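These protein sequence lines map, in sequence, to chains W and C.
The opening residue of the first sequence carries number 1 in the UniProt record's numbering; numbering runs sequentially from there.
The opening residue of the second sequence carries number 1 in the UniProt record's numbering; numbering runs sequentially from there.
Keep in mind that a hint or two might mislead.
Because identical chains cannot be distinguished in the list, a pair is counted as satisfied if it fits within a single copy or across any two copies.
[As the list claims (entries may be wrong)] Listed below are the simulated DSSO-like cross-link pairs for lysine-lysine, each with C-alpha atoms no more than 27 Å apart in a straight line: (1) K5 to K63; (2) K47 to K339; (3) K339 to K36; (4) K92 to K108; (5) K5 to K211; (6) K47 to K108; (7) K325 to K184; (8) K181 to K46; (9) K181 to K325; (10) K10 to K140; (11) K339 to K269.
Don't read these hints as lab results, they were simulated from the structure.
If you're wondering where the values come from, they're calculated on a predicted model, not measured in any experiment.
For reference, the chains in residue letters:
Protein chains: 2
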Amino acid sequence: MANKKRTTLKDIASELNISPAAVSKAMHNDSRISEKTKKEVKRVAKKLNYQPNHLASALRKGKSNLVGVIVPRTNSNFFSSVLENMEAVLNKAGYNIIITQSNESFEKECKNIDTLLYTQVDGIIASMANETVDLSHYEKIKSNGIPLILFDRGENDLNVDYVGINDYDSSHIIVEHLVEKGCKRIAHIGGYRRTRIFNNRIRGYVDALKKNNLPIDDTLIVESSLTLEDGRLEMEKLLQLKNRPDAVYAASDNAALGALQVLNENQIKVPNAIRLVGFGNEPFTSLVSPSITSVDQHSKDIGRIAAETFLNHVSKDDIKQSLNKIILDAELIVRDSSK
Amino acid sequence: MANKKRTTLKDIASELNISPAAVSKAMHNDSRISEKTKKEVKRVAKKLNYQPNHLASALRKGKSNLVGVIVPRTNSNFFSSVLENMEAVLNKAGYNIIITQSNESFEKECKNIDTLLYTQVDGIIASMANETVDLSHYEKIKSNGIPLILFDRGENDLNVDYVGINDYDSSHIIVEHLVEKGCKRIAHIGGYRRTRIFNNRIRGYVDALKKNNLPIDDTLIVESSLTLEDGRLEMEKLLQLKNRPDAVYAASDNAALGALQVLNENQIKVPNAIRLVGFGNEPFTSLVSPSITSVDQHSKDIGRIAAETFLNHVSKDDIKQSLNKIILDAELIVRDSSK
DNA sequence: TATATTTGCTTAATCGATTAAGCAAATATA
DNA sequence: TATATTTGCTTAATCGATTAAGCAAATATA
Numbered sequence: 001m002a003n004k005k006r007t008t009l010k011d012i013a014s015e016l017n018i019s020p021a022a023v024s025k026a027m028h029n030d031s032r033i034s035e036k037t038k039k040e041v042k043r044v045a046k047k048l049n050y051q052p053n054h055l056a057s058a059l060r061k062g063k064s065n066l067v068g069v070i071v072p073r074t075n076s077n078f079f080s081s082v083l084e085n086m087e088a089v090l091n092k093a094g095y096n097i098i099i100t101q102s103n104e105s106f107e108k109e110c111k112n113i114d115t116l117l118y119t120q121v122d123g124i125i126a127s128m129a130n131e132t133v134d135l136s137h138y139e140k141i142k143s144n145g146i147p148l149i150l151f152d153r154g155e156n157d158l159n160v161d162y163v164g165i166n167d168y169d170s171s172h173i174i175v176e177h178l179v180e181k182g183c184k185r186i187a188h189i190g191g192y193r194r195t196r197i198f199n200n201r202i203r204g205y206v207d208a209l210k211k212n213n214l215p216i217d218d219t220l221i222v223e224s225s226l227t228l229e230d231g232r233l234e235m236e237k238l239l240q241l242k243n244r245p246d247a248v249y250a251a252s253d254n255a256a257l258g259a260l261q262v263l264n265e266n267q268i269k270v271p272n273a274i275r276l277v278g279f280g281n282e283p284f285t286s287l288v289s290p291s292i293t294s295v296d297q298h299s300k301d302i303g304r305i306a307a308e309t310f311l312n313h314v315s316k317d318d319i320k321q322s323l324n325k326i327i328l329d330a331e332l333i334v335r336d337s338s339k
Numbered sequence: 001m002a003n004k005k006r007t008t009l010k011d012i013a014s015e016l017n018i019s020p021a022a023v024s025k026a027m028h029n030d031s032r033i034s035e036k037t038k039k040e041v042k043r044v045a046k047k048l049n050y051q052p053n054h055l056a057s058a059l060r061k062g063k064s065n066l067v068g069v070i071v072p073r074t075n076s077n078f079f080s081s082v083l084e085n086m087e088a089v090l091n092k093a094g095y096n097i098i099i100t101q102s103n104e105s106f107e108k109e110c111k112n113i114d115t116l117l118y119t120q121v122d123g124i125i126a127s128m129a130n131e132t133v134d135l136s137h138y139e140k141i142k143s144n145g146i147p148l149i150l151f152d153r154g155e156n157d158l159n160v161d162y163v164g165i166n167d168y169d170s171s172h173i174i175v176e177h178l179v180e181k182g183c184k185r186i187a188h189i190g191g192y193r194r195t196r197i198f199n200n201r202i203r204g205y206v207d208a209l210k211k212n213n214l215p216i217d218d219t220l221i222v223e224s225s226l227t228l229e230d231g232r233l234e235m236e237k238l239l240q241l242k243n244r245p246d247a248v249y250a251a252s253d254n255a256a257l258g259a260l261q262v263l264n265e266n267q268i269k270v271p272n273a274i275r276l277v278g279f280g281n282e283p284f285t286s287l288v289s290p291s292i293t294s295v296d297q298h299s300k301d302i303g304r305i306a307a308e309t310f311l312n313h314v315s316k317d318d319i320k321q322s323l324n325k326i327i328l329d330a331e332l333i334v335r336d337s338s339k
């Protein structure tokens, strides 16, 4: 019962007294094999519970039909949704995906890339860890000659395909919205500038203030890892200011939630005293009280487009591909925290 | 630059005028290879940017050093945390993990198993989808002779290793807690009985009521998929009852959150009018208002133990293994919703 | 000094599936 | 009827890495 040897093409071949080559072709419905033989082969394959050995065929064909995916973490709705839609598109095209998590760690990200290359994936779709600054491990993917597609967390310096939303414009939309509600001192709990998307959000925020003739106050702009804890910490600091903000725009929903907790604990009315906007449209933003205004990042589209970009690459590898930078417009979802 | 051929052992061998076999041994620090040769080999390997071809070595060795993992979804903190800890243990032992999601779909789960077997994983660690009743696809793993370890969502009928918490006892702890607070009509928004863990929670709930001499009222026991929507729906139904419950025990945090929303919307004071307990200790339980009492499932331990169970299997495959059913005690985290 | 052992490699087979090349028999075409 | 084409396979090589078996040279032991 246990550990019985796997059935191979050879076993089927010897049972039917034909060559393994014929069996292989029969399984792939080669037109040069008679219908009768195909039927027989499939019957015996089923009888012997034949499972093709992927390692062997991938080795021979030089193609594994696997796509590696690297995400910072899977436990956000954004990444989970991206993965789901990415997988759906790739499955339909005959590819399977291998998901790995970097846990926002640079070291882990490097190891994940090694693992994926080592597993001979046909391509890698990745979103960079917060820690990542050095990009040599990504260069390694490119020098391996397999497609690399980045999404959400990308890098301009890296000459690769990218799918994401327009972070710069998103900040504009947020600031415009808050200004419309009468806010004059808008604080920004941002991510680290070294990450492109967070830098863009900061730039968008600053430019939008300028555009609305509002002064830029450096004490209202902070950089952090954007965790819930960071949100709490920075909100507490902002409340210490002599001249408090009348609105807070956090570059992540987690940070926004942390800020909201502190505001609630201090009995500061949201949105009346301070308006609050997050980023990412995580499900909990609509669950907390008051519900948090946020920006939807079109996770489904990002997953789908990233997958399609990969498929595009492998379908016409002969032609030198032009780079695809696909920037989607984000959507502001207005909720109670800024009404 | 692009699509240059991969470096193989042969390339290194011909550069140094030795055999590929010697190169292979040198890379693995075989004691029968001179230090001088090893150094040379490693120098050239680095120079040519050699990456071993996993497909080839796995095919030859009959071992891929990959472990397949199937989870219903990655976007809960529970599964995400299990994965993180599982991966840490397996990485240390030289294994890499391939994560797949079933999205709670039976069909997807079957496809995932096929993919993993096809990829020649050395073992599979899985948590079953809600929909799953037929277990023949799991039998397929067993008949392939590779270890199968289930966690959280397991099945008694399947003769495999299992790691999870004591669902039956957890219900007892919850009911005792609510009784202590003076509750007499405790409703249970449960999962479907066909899933073992949910069945155990229902049994535990019923037995605990009996133990406390409380009547069993069938109108207070409902089965659902335990989503947030289900929680809302069932809570609304419970509020229609002539004889309303004074406590609700939901078998998932999402369902508990749905129930809480309905209670808040109806201005029913929690915990004063109705006490509420969830299950899973998802982070949002402490974030909503009021915060929700819940049961912690020791996700870290479950991930670690599942991984260790797998390693145990592969380390002594000669001996017929005895089954491991590891049941951890869960922990009640009391919060505002039941104080 | 003669034999035994160790060192440091090479040779050749292997893991399974795939595919280019080839060939005999069957069938189609002129 | 003679030749060309098609059908339905087989043979043999291949994808890279690994490993059992073997062998010559170097070294150790009696």
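Do the hints match the structure? See the list:
no. : hint         : result
1   : K5 to K63    : both (25 Å within a copy, 13 Å between copies)
2   : K47 to K339  : neither (66 Å within a copy, 61 Å between copies)
3   : K339 to K36  : neither (72 Å within a copy, 73 Å between copies)
4   : K92 to K108  : between (30 Å within a copy, 13 Å between copies)
5   : K5 to K211   : neither (71 Å within a copy, 53 Å between copies)
6   : K47 to K108  : between (44 Å within a copy, 24 Å between copies)
7   : K325 to K184 : neither (35 Å within a copy, 61 Å between copies)
8   : K181 to K46  : neither (68 Å within a copy, 60 Å between copies)
9   : K181 to K325 : neither (34 Å within a copy, 59 Å between copies)
10  : K10 to K140  : between (38 Å within a copy, 21 Å between copies)
11  : K339 to K269 : both (12 Å within a copy, 26 Å between copies)
Against the hints set out earlier in the document, violations occur for numbers 2, 3, 5, 7, 8, 9.
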